[in-house]
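Q: In case you want the letters, here they are:
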Amino acid sequence: AQSVTQLGSHVSVSEGALVLLRCNYSSSVPPYLFWYVQYPNQGLQLLLKYTTGATLVKGINGFEAEFKKSETSFHLTKPSAHMSDAAEYFCAVGPDGSARQLTFGSGTQLTVLP
Amino acid sequence: DTGVSQDPRHKITKRGQNVTFRCDPISEHNRLYWYRQTLGQGPEFLTYFQNEAQLEKSRLLSDRFSAERPKGSFSTLEIQRTEQGDSAMYLCASSAQGTGKDTQYFGPGTRLTVL
Chain A
2 AQSVTQLGSH VSVSEGALVL LRCNYSSSVP PYLFWYVQYP NQGLQLLLKY TTGATLVKGI
62 NGFEAEFKKS ETSFHLTKPS AHMSDAAEYF CAVGPDGSAR QLTFGSGTQL TVLP
Chain B
11 DTGVSQDPRH KITKRGQNVT FRCDPISEHN RLYWYRQTLG QGPEFLTYFQ NEAQLEKSRL
71 LSDRFSAERP KGSFSTLEIQ RTEQGDSAMY LCASSAQGTG KDTQYFGPGT RLTVL
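Chains as they are written, first to last, in the working numbering: chain A, 2 to 115; chain B, 11 to 125.
Pulled out of the complex, with its shape left as it was, chain B reads as follows (with noise of 0.2 Å):
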């Protein structure tokens, strides 16, 4: 049984581009999350996913931040026109649904640095 995946671990960019993470959530687990952790912080919700439906999104999440999940799958999430406050560590986790199986865990996190 394979963890939680992210790609890249590590992305540096000038301030003003354009970035695209990727999450590959454990195989069974049909809800997916995404986190952003800033130095010295514990993480935030940004955004879930149950199945490809978006549920949730955290006011944290402006308009230059999109997450898609098309088949139910893995997840992308872009972050366009990037700014030096984007600069953390953005972190995936997954779950199953229901009652006592919706424990979610943790990819390794992707670090962004805004230059």
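Okay, chain A solo, but in the shape it has when bound (with noise of 0.2 Å):
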């Protein structure tokens, strides 16, 4: 079986500081690791996935990922916030290695302060 940890239900940065959103899974097989982001009242759009390969994910918006193995993390980060990135964050990680029935953190609510 595998879980997903969010350290932090609420994350408050600074427009243009660093946000570091954590994340911390268990599996028992190599995982597929994806983060979501999920505006208010939407469904969830696909920020960056891990798959096997390079260990730093590059996704959209600026946002990026490194899966560290020895951690169990797979921590999201971009270098400086905007006032759009406002919205809850949910890291998800899939079973088996795949990407079928994807366990969800339990969401990280980032705000931004002008």
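In case anyone wonders, no lab produced these hints; they're calculated from the structure.
C-beta atoms are modelled at their ideal positions from N, C-alpha and C, and glycine is treated no differently.
Treat each hint with caution, since some may be false.
[Unchecked claim] Derived lysine-lysine pairs resembling DSS-like cross-links, with alpha carbons at most 30 Å apart: (1) A:K50 to A:K69; (2) B:K111 to A:K69; (3) A:K70 to B:K21; (4) B:K81 to B:K111; (5) B:K24 to A:K50; (6) A:K70 to A:K59; (7) B:K67 to B:K24; (8) A:K59 to B:K111; (9) B:K67 to B:K111; (10) B:K67 to A:K50; (11) B:K21 to B:K81; (12) B:K67 to B:K81; (13) A:K50 to A:K70; (14) B:K21 to B:K67; (15) A:K59 to A:K69.
[Unchecked claim] Just some of the chain B residues that point at chain A, by a computed CB distance under 10 Å: (16) R19; (17) Y45; (18) Q51; (19) S68; (20) A98; (21) L101; (22) F116; (23) R121.
Taking the hints as your guide, dock the two standalone chains into a single complex.
A: The structure is reproduced here in structure tokens:
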């Protein structure tokens, strides 16, 4: 069985500051890992994913994440926050090294302060 | 290329009534997923279809819930005898099949309120 822990249900940063959203996972097999973003009353939009290969993954809107097997982590970062980044962010893990039946974390609400 | 669509976007019903939601996946995707998201939580997997076959069901999917995908295209999720605990956002996602192609793309969701 797999699980995802997102540390910090709420994160606030100033506009232009570094964004760091934390995600730790557990999986008995090499995982597929995802970050999704959700704006109010909308579905989830894929930011980036890790399947195999390069451990530093670049996504849309300037976000990136690094898969660290030794730390079982997949933290999401962005060098400079923008007001439009305010949203809820979800980390997810796919079972059995696939993208079926995703297990999501409980989410991190990002607030960007002017 | 249109995305995943869901209908209705909002549904308010009284306890004990039956409701049905529809999901239309991205046209070339043969996999379709249903998730439930309650307030302040991440989505929880409910069930998954490959073409018309329902391959996995979560224990969250009680006997009151049934999902179909009769022709391998759109899917319906029915909840019978709704309870207040069923109030949630119901999300549909679709994907293609194969390594590197199975990323799930989500629809906007159907928000259910049971009074």
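Q: Determine for every hint whether it applies to the structure shown.
A: These are the hints, each one checked on the structure:
no. : hint            : verdict
1   : A:K50 to A:K69  : holds, 14 Å
2   : B:K111 to A:K69 : holds, 23 Å
3   : A:K70 to B:K21  : violated, 43 Å
4   : B:K81 to B:K111 : holds, 22 Å
5   : B:K24 to A:K50  : violated, 40 Å
6   : A:K70 to A:K59  : holds, 17 Å
7   : B:K67 to B:K24  : holds, 26 Å
8   : A:K59 to B:K111 : holds, 17 Å
9   : B:K67 to B:K111 : holds, 22 Å
10  : B:K67 to A:K50  : holds, 24 Å
11  : B:K21 to B:K81  : holds, 25 Å
12  : B:K67 to B:K81  : holds, 19 Å
13  : A:K50 to A:K70  : holds, 15 Å
14  : B:K21 to B:K67  : holds, 24 Å
15  : A:K59 to A:K69  : holds, 15 Å
16  : R19             : holds, 8 Å
17  : Y45             : holds, 8 Å
18  : Q51             : holds, 6 Å
19  : S68             : holds, 8 Å
20  : A98             : violated, 13 Å
21  : L101            : holds, 6 Å
22  : F116            : holds, 4 Å
23  : R121            : holds, 7 Å
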